[in-house]
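Work out the full structure: start from the sequences and follow the hints.
Number of protein chains: 4
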Amino acid sequence: MTTRVGVIGSLGRVGSTICAAVQAAPDLELVATVDKDDSLESLVEAGCEVVVDFTHPDVVMRDVEFLVRNGIHAVVGTTGWSDDRLAQVRSWLEASPSTGVLVAPNFALGAVLMMRFAAQAARFYESVEIVELHHPRKVDAPSGTAAATARLIAESRAAAGLGPMPDATEQSLDGARGSTVDGIPVHSVRLRGLVSSQEVLLGDTGETLTIRHDSTDVSSFAPGVLLAVRGIAARPGLTVGLDPFLGLS
Amino acid sequence: MTTRVGVIGSLGRVGSTICAAVQAAPDLELVATVDKDDSLESLVEAGCEVVVDFTHPDVVMRDVEFLVRNGIHAVVGTTGWSDDRLAQVRSWLEASPSTGVLVAPNFALGAVLMMRFAAQAARFYESVEIVELHHPRKVDAPSGTAAATARLIAESRAAAGLGPMPDATEQSLDGARGSTVDGIPVHSVRLRGLVSSQEVLLGDTGETLTIRHDSTDVSSFAPGVLLAVRGIAARPGLTVGLDPFLGLS
Amino acid sequence: MTTRVGVIGSLGRVGSTICAAVQAAPDLELVATVDKDDSLESLVEAGCEVVVDFTHPDVVMRDVEFLVRNGIHAVVGTTGWSDDRLAQVRSWLEASPSTGVLVAPNFALGAVLMMRFAAQAARFYESVEIVELHHPRKVDAPSGTAAATARLIAESRAAAGLGPMPDATEQSLDGARGSTVDGIPVHSVRLRGLVSSQEVLLGDTGETLTIRHDSTDVSSFAPGVLLAVRGIAARPGLTVGLDPFLGLS
Amino acid sequence: MTTRVGVIGSLGRVGSTICAAVQAAPDLELVATVDKDDSLESLVEAGCEVVVDFTHPDVVMRDVEFLVRNGIHAVVGTTGWSDDRLAQVRSWLEASPSTGVLVAPNFALGAVLMMRFAAQAARFYESVEIVELHHPRKVDAPSGTAAATARLIAESRAAAGLGPMPDATEQSLDGARGSTVDGIPVHSVRLRGLVSSQEVLLGDTGETLTIRHDSTDVSSFAPGVLLAVRGIAARPGLTVGLDPFLGLS
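Sequence lines, in order, name chains A, B, C and D. For the first sequence, my numbering assigns the number 1 to the initial residue and increments by one for each residue that follows. For the second sequence, my numbering assigns the number 250 to the initial residue and increments by one for each residue that follows. For the third sequence, my numbering assigns the number 499 to the initial residue and increments by one for each residue that follows. For the fourth sequence, my numbering assigns the number 748 to the initial residue and increments by one for each residue that follows.
These aren't lab readings, by the way, just hints derived from the structure by calculation. Some hints could be false.
[What the hints assert, rightly or not] Only some residues are given here: those of chain A computed to face chain B with a beta carbon under 10 Å:
{"no.": "1", "residue": "Gln120"}
{"no.": "2", "residue": "Phe124"}
{"no.": "3", "residue": "Glu199"}
{"no.": "4", "residue": "His213"}
{"no.": "5", "residue": "Thr216"}
{"no.": "6", "residue": "Asp217"}
{"no.": "7", "residue": "Leu248"}
Quantities reported herein were computed from a predicted structural model and do not represent experimental measurements. Even for Gly, the Cβ is constructed at its ideal location relative to N, Cα and C.
Right, dumping it as structure tokens:
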């Protein structure tokens with residue numbers, strides 16, 4: 001028995017990679033693809049059990065409402081989520097309690113694992129800083145992943161009762177790219193030849209622990225999306241973030 | 250209320266560091282120290298609740314038997330443990346069921362976290378290799394920590410149903426320092442100027458995850474030992490490995 | 499005044515990248531392209547001053563002979579060179595002493611710089627090892643670049659009178675991918691998600707120096723090829739390796 | 748024939764390491780040591796040919812004047828040099844033209860090589876940034892070595908006619924430790940467990956080159972000092988920086 005999968009945004013850069021990955025998986029079947037000018041109805045007609053959505057903030061709410069109304073599980077990588085939007089999805093799900101919706105900012109397993117491990121380790125270390133390294137066409141600094149990692153680390157440190165980090169800096173020049181997010185220093189490197197990397201450095205007396213993720217290709221999203229497609233039926237309701245699908249105790 | 254702590258092997262390189270760390274901790278009190286020619290009885294007379302043992306395989310069994318018989322919790326970093334020895338400790342503990350004994354091969358929190366994270370991540374990655382880097386006076390290759398990490402990774406891969414790693418190597422010269430442990434390649438670098446480092450590299454299509462631990466000083470053991478001293482009373486019976494004391498879900 | 503450039507092997511993966519790079523350079527003009535079934539005569543008719551050759555060992559000798567006979571400078575990235583072949587090129591050049599031929603195994607500037615810097619630094623360090631990391635479809639281990647780097651390092655150490663490196667390894671398991679090339683340990687990592695990387699680690703008391711090159715795309719060859727195209731007219735005769743074109747004192 | 752060496756500041760942390768290194772070298776002889784309350788005359792009486800000075804900016808000018816006046820070569824690691832002070836030393840040397848004085852901000856060979864290689868490579872790369880990582884007791888950011896490296900890189904880029912680096916950053920938060928020195932971004936990490944490290948990252952299309960120096964001990968200064976002691980007699984006059992003593996073409 002295979003799972004019947006549909007993809008919205010199937011002609012996009014990520015969407016087409018997801019289509020290829022679904023087709024290559026023996027336990028999944030790609031039964032419908034939808035892009036800009038196609039009707040969502042074809043997803044129902046094809047008998048989709050799970051639909052993956054990598055589209056645009058302008059249309060994603062319409063897509064999710066349609067899927068929930070039709071009892072189709074949704075795996076959503078489209079960005080632009082606010083608390084209001086998440087609340088709206090929850091209210092739709094009340095009428096369809098067995099349907100699952102996953103909204104995740106990042107499907108790269110390595111990035112998800114890095115954030116999880118960094119937050120877990122942070123409570124044991126006096127110092128922690130983040131260096132994120134990207135291609136020079138990136139417009140924002142720090143990166144969204146780095147800011148999210150910093151917030152998770154800050155929460156973990158607060159929960160463990162850790163105070164401010166040691167830092168004797170007295171004379172300092174201004175102007176480095178990067179910032180301090182919730183008390184965690186984030187350094188932003190922009191370098192031709194890089195794609196997307198992040199390093200979390202944790203240090204205490206006599207030792208350091210470094211967790212680094214390097215992503216060189218959009219295809220790195222595929223394994224995380226497939227993990228979600230396979231697990232979403234077992235997780236009714238709204239889930240934010242891929243973490244629970246990893247099955248790590 | 251402070252916890253009353255004793256240290257056996259108090260004049261050794263690790264033992265003296267532990268003594269200093271206990272004295273610096275406001276919630277712990279160093280009430281007895283024992284080295285080669287001292288009697289273990291002083292530990293009872295001083296009212297020790299927990300005793301830390303960094304001694305030698307030749308004497309550690311005598312120490313642990315004494316501590317268990319007197320209902321004193323034991324935190325043991327001494328090496329040389331076999332299944333037979335662990336079984337012996339378990340049988341001693343039957344007569345003192347509220348006493349806790351922790352035997353751990355490595356108290357460096359970063360090393361423990363690295364092994365845990367590597368094993369957890371391994372199930373999501375097609376490829377994984379280990380590079381361990383040490384000073385050139387080290388006599389064994391691969392290192393014990395690298396071999397232990399490889400075994401944990403191999404178990405994790407087997408549990409996830411992963412087969413052999415991709416490797417098209419056809420022409421290969423022999424002679425590199427290192428080995429394949431349970432199917433996991435371990436590369437051993439020996440370099441003047443290094444102390445003790447290990448890097449676990451995990452890779453899948455389009456991304457890699459790297460977890461690295463660098464230890465520069467024996468003092469890096471102290472936080473892990475204190476964590477165990479504080480937690481051992483709540484863990485009666487025998488525990489092998491520091492992992493459960495980290496409190497990670 | 500622009501330089502008139504031709505490319506043999508213009509439809510290949512590297513060749514087409516070179517064509518695009520030449521066209522994008524304001525001081526160079528792409529005036530002729532030749533692939534499998536095309537005649538070399540078109541290169542003369544188009545007035546090529548320099549021709550780049552990324553073809554196959556089977557045809558490269560015919561190409562170079564033709565270019566030298568016609569007084570056209572040659573920049574050759576095709577592999578498969580032996581001492582006999584190099585001697586043959588030198589004999590052809592006797593009849594055309596103002597023509598320049600460059601044969602280089604690697605046009606990635608970073609790889610060339612890494613090899614140069616590693617060889618220069620090697621004389622100052624007691625220990626040096628190489629870790630090369632590639633995708634798992636690679637058939638040979640160690641890589642050609644790693645073996646070449648090891649040989650340059652070994653020459654540099656010999657010239658500086660350095661003896662064997664410190665290594666106390668007594669107990670060692672066999673089976674790691676990699677080898678010892680001219681006394682220099684080379685460790686070969688094969689990992690899905692990697693393209694081509696190499697790290698040279700040099701160590702002495704209290705310090706280490708690490709030189710690392712990461713290549714993620716064949717386009718990394720282009721800047722080195724353009725450097726050679728611009729410099730070849732000033733270097734008559736046969737040059738092996740890009741190093742002299744870097745203009746480093 | 749051994750060289751007769753003296754050390755001023757022989758009881759300091761660096762000075763005592765230098766004394767030990769001189770004594771361990773078969774071609775050098777430690778014939779005089781001077782610390783705070785000792786007379787400089789003993790250096791002349793002992794027949795010193797070369798004297799090493801690791802003292803304090805307050806006394807170093809007195810030391811150098813004394814050495815030059817007595818025709819003793821000087822290897823100086825004391826800090827606090829200005830253009831005026833260097834000019835003063837040059838004027839003293841006019842009366843003693845065969846005497847050599849070396850003033851170097853850093854004797855760690857790895858740091859000197861890193862700066863040299865970074866400056867040489869910089870002309871070939873569109874992007875370059877520096878990450879320097881130190882213990883959290885350090886008071887200044889960026890480090891002196893990082894600022895010096897940035898200036899050398901900026902000079903090298905200017906000489907090669909390179910313009911500003913690519914950087915599309917539009918939205919940026921302030922507050923990261925570090926700065927932009929002569930147009931080169933320098934990121935300053937302060938982490939418990941680190942000693943002193945620096946990484947220079949160079950990037951261009953499809954590739955990156957990374958040069959990293961890790962120093963874990965003050966003893967890493969010794970080989971550079973001995974190199975200078977052995978070479979100073981052949982370099983009369985004032986030399987600033989260890990670079991010329993490396994003998995790299």
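Evaluated hints:
1. Checking A/Gln120 against chain B: minimum C-beta separation of about 5 Å stays under 10 Å; hint holds.
2. Given the 10 Å rule on beta carbons, the hint for A/Phe124 holds: about 5 Å separates it from the nearest Cβ of chain B.
3. With a cut of 10 Å, the hint placing A/Glu199 at the interface with chain B holds, because the nearest CB-to-CB distance is about 8 Å.
4. Contact between A/His213 and chain B, as hinted, is supported at the beta carbon level, the nearest pair being about 5 Å apart and thus within 10 Å.
5. Interface hint at A/Thr216: satisfied, since its Cβ lies 6 Å from the closest Cβ of chain B, which is below the 10 Å cut-off.
6. About 3 Å separates the beta-carbon of A/Asp217 from the nearest beta-carbon of chain B, less than 10 Å, and the hint is met.
7. Annotation: A/Leu248 was flagged as interfacial toward chain B, and the flag holds, the nearest CB pair being 5 Å apart, inside 10 Å.
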